[in-house]
Amino acid sequence: MTPCEHCHTSPATVHITQISNNEATVSHLCETCAREKGIMVEVRQEGLLPEIGIDIQRQAQAAPGAAREDARECSHCHTKFAEFKATGKLGCPRCYEEFEKDIASMLAQVNGEHLHKGKRYSRRGASLMAGADLDKLRRELADAIGREEFELAALLRDTMRGLQAPRTDGKN
Amino acid sequence: MPPWLSGNGPDSDVVLSTRVRLARNLAHHQFPWRASLFERTQVFEETSAALTACAGCGSYEAVAFGNLDKRQQEFLVEEGLASRELTSGDGDRGIVHDRNSRVGVMVNEEDHLRLVALDAGLRLRELWAELDALDDTVGTHLDYAFDNRTGFLTCRPANAGTGLRVSVFVHLPGLALTRSLDPVLHAASQMGVATKSFFGENSSVTGNLFRLSNGAAMGSSESQLVDNADAVVRQVIEFERKARERILADARLELTDKICRSWGILCQAKLLTVDEFFNLSSALRVGIECNLFDKCTLADLNRLTLFVLPAHLATWCGKALTPDECGEARASLVQTFFARNAQETKLDENG
Ligand SMILES: [Zn+2]
Ligand SMILES: [Zn+2]
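Chains as they are written, first to last, in the numbering used here: chain A, 1 to 172; chain B, 1 to 351.
For reference, chain A alone in the conformation it holds in the complex (with noise of 0.2 Å):
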């Protein structure tokens, strides 16, 4: 283990680099040394994206209740919830509402973010449907305003207007 270079003695855990004039230099210190220093320490695996499963696992071990917490199933597909702990899979769209707490938690820690901030979709087929669409968006507008949830409820507003502006280019 390399030791800490401010204070030559812990074990160096944290590595900053830092790119000036095109070259990067790396400094090795200690968490204690780092956060004196004012660097936000941050645990995160290196390079790779954690795996999911092995996030939950964390959580549900310290969690009182985990092997209920396990027994849970979607009510739609039946995946049990400590099947989609042990492959990182869950079994159908549904089960994002049947495991809605969960999976929001997980997408925050992997993400650092659990809101969809890229592309709107819903369906134009039929004007039936865009109707149908509509009263949905209204209904989760409404709850996103009273939780005070005010970034989604912008996103479904812009959402809402894509859908009532009649369609020209293909595009939202």
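Rather than coming from a laboratory, the hints here were simulated on the basis of the structure. Quick reminder that beta carbons are idealized off the backbone N, C-alpha and C, glycines included. A portion of the hints provided could be inaccurate.
Restricting the straight-line Cα-Cα distance to at most 25 Å, the calculated cross-link-like pairs of lysine to aspartate or glutamate (DMTMM-like) are [claimed, not checked]: (1) Lys117(A) / Asp147(B); (2) Lys85(A) / Asp90(B); (3) Lys117(A) / Glu110(B); (4) Lys80(A) / Glu254(B); (5) Lys101(A) / Glu149(A); (6) Lys117(A) / Asp227(B); (7) Lys258(B) / Glu238(B); (8) Lys85(A) / Asp147(B); (9) Lys89(A) / Asp143(B); (10) Lys89(A) / Glu46(B); (11) Lys117(A) / Glu39(B); (12) Lys80(A) / Glu39(B); (13) Lys136(A) / Glu110(B); (14) Lys85(A) / Glu110(B); (15) Lys89(A) / Glu39(B); (16) Lys117(A) / Asp132(B); (17) Lys117(A) / Glu69(A); (18) Lys117(A) / Glu130(B).
Partial chain B-side listing against chain A, Cβ under 10 Å, derived [said to hold, decoys possible]: (19) Asn25; (20) Leu26; (21) His28; (22) Gln72; (23) Gly151; (24) Gln224; (25) Asn228.
With the hints as your guide, set chain B with the ligands onto chain A.
Leaving out everything else, chain B with the ligands in the frame of chain A:
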């Protein structure tokens, strides 16, 4: 040869190819691993009908994996449009692709649909724009699983949101030789771009080839993800070019020696492993990229890169090969290729 191996895209002195993919699922079906064989057939039929029929998709061709033997499946994986996951599944699955093998859709892989675009050189923005348009068209014919908060729903939550994964395949011999790979790739990872081995998840690094990919699929828009990856990759490219300049200034003779020795081995060896081929061809690649070597082109090396892989090699030989036979066949293929190449060049010069 698939266009992503042409060796002449933008920044082709460092970048081999760019790949962009979008994960999409149908709202009213279970994900492929969970779905019954019957349901998978439904999904396959629904999506391939939508893709081959919809205007704006050009002329698409569907390849059902169920009708192919293992070697034919592996062959398509090596060509880049199919994934290994697709070969290990069962039931109805496959790819629907355009005539140039540039844009395609994998059906019933980990997700119902994986839209993929790949081409030579650094072309993130261009390929994203193309895939975005294809996604819009396909999306009107199918019913995607989408949630206003979580975005596009995928089998693994880590892909949910945009469902976007961009990958740039790069050759970094300069950074490797100057021992600056770790700091540069570490800096890239801090800026949201992860490094993976070129040959898939479980293989060790070979031939100084790497794959740079975005980490998060959520939290920013697709174009922000693409722009960020593009900016980070461009910085990595600059570091690589600086490193090569330094080597050329300090150790030109040593580098030339390494290139010539590698050429000698490739032309004379009687047995070649895939690893060996990639390490030796990495030296030739630097030689071409730095104008120190002109006995073959990047396109030649790319073509060989594909031909030396097991399924292509077996196809060339017309039979299944034992590991020992593979090494011998590989060396002989490489030498036949270079000999034919030299003859063609001579003919060009004379005529
Ligand atoms: Zn210290
Ligand atoms: Zn489910």
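Violated hints - listed by number, lowest first: 4, 11, 13, 17, 22, 25
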